[in-house]
Amino acid sequence: GAGVSQSPSNKVTEKGKDVELRCDPISGHTALYWYRQRLGQGLEFLIYFQGNSAPDKSGLPSDRFSAERTGESVSTLTIQRTQQEDSAVYLCASSYQGNGEQYFGPGTRLTVT
Amino acid sequence: QQQVKQSPQSLIVQKGGISIINCAYENTAFDYFPWYQQFPGKGPALLIAIRPDVSEKKEGRFTISFNKSAKQFSLHIMDSQPGDSATYFCAARRSSNTGKLIFGQGTTLQVKP
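First to last, the protein sequences are chains A and B. Just so you know, we're using the working numbering here: the first sequence kicks off at 1 and counts up by one. Just so you know, we're using the working numbering here: the second sequence kicks off at 1 and counts up by one.
Source of the hints: derived by calculation from the structure; they are not laboratory data. Please read all numbers here as calculations on a predicted model, not as lab measurements. Any given hint could be a false lead.
[As the list claims (entries may be wrong)] In the DSS-like style, the derived pairs of lysine-lysine whose C-alpha atoms are separated by at most 25 Å in a straight line are: (1) K57/A <-> K15/A; (2) K57/A <-> K5/B; (3) K42/B <-> K71/B; (4) K68/B <-> K58/B; (5) K112/B <-> K68/B; (6) K68/B <-> K11/A.
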């Protein structure tokens, strides 16, 4: 079946602009995660959605970052007033349950100029 | 407490050799330790994972060794092949804590033909 998909694959934006990144999880997966991967670094957890439970937002680095998920489907990560330090690959993962194996999408490479 | 430390940062191995990557953690509440493989431009893919009730798990040429008392675990790639050239990440999770993964910094493996 189809894996996790993310769009756009690449995004170049000017400092101060807002961006929206999209994630389509694997159908039937109730859990969805966003991670950030800076160049040459490991992945940093950003936010977690599980069904109708309150999301775990503990990894969001500032109030410029927010995310939404509609039910058990698409999620969008929004970064407001982008800064150069926001440049990174943003990865989305989904799993069948909260503690299941996480399947990652290909990521969105964000470049803030 | 939340960190996972991974070494080496980069590794060069001859074809047919053994690649060894090490990780250490502090949080004794972690109870799931996966290894991910990432090729350039792709999202990480789960390679193999272990829980602390066993000391070793083998899948094909890939083996995880786990030392609970030392809070260390390692990935061994036997008979390394050029196609194994990729970045490898260890990770850890406390299953009661939303399932979010804490990643090591990554090891770039190059297998020379």
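* Asked: Which of the listed hints are broken here?
  -> 3, 5, 6
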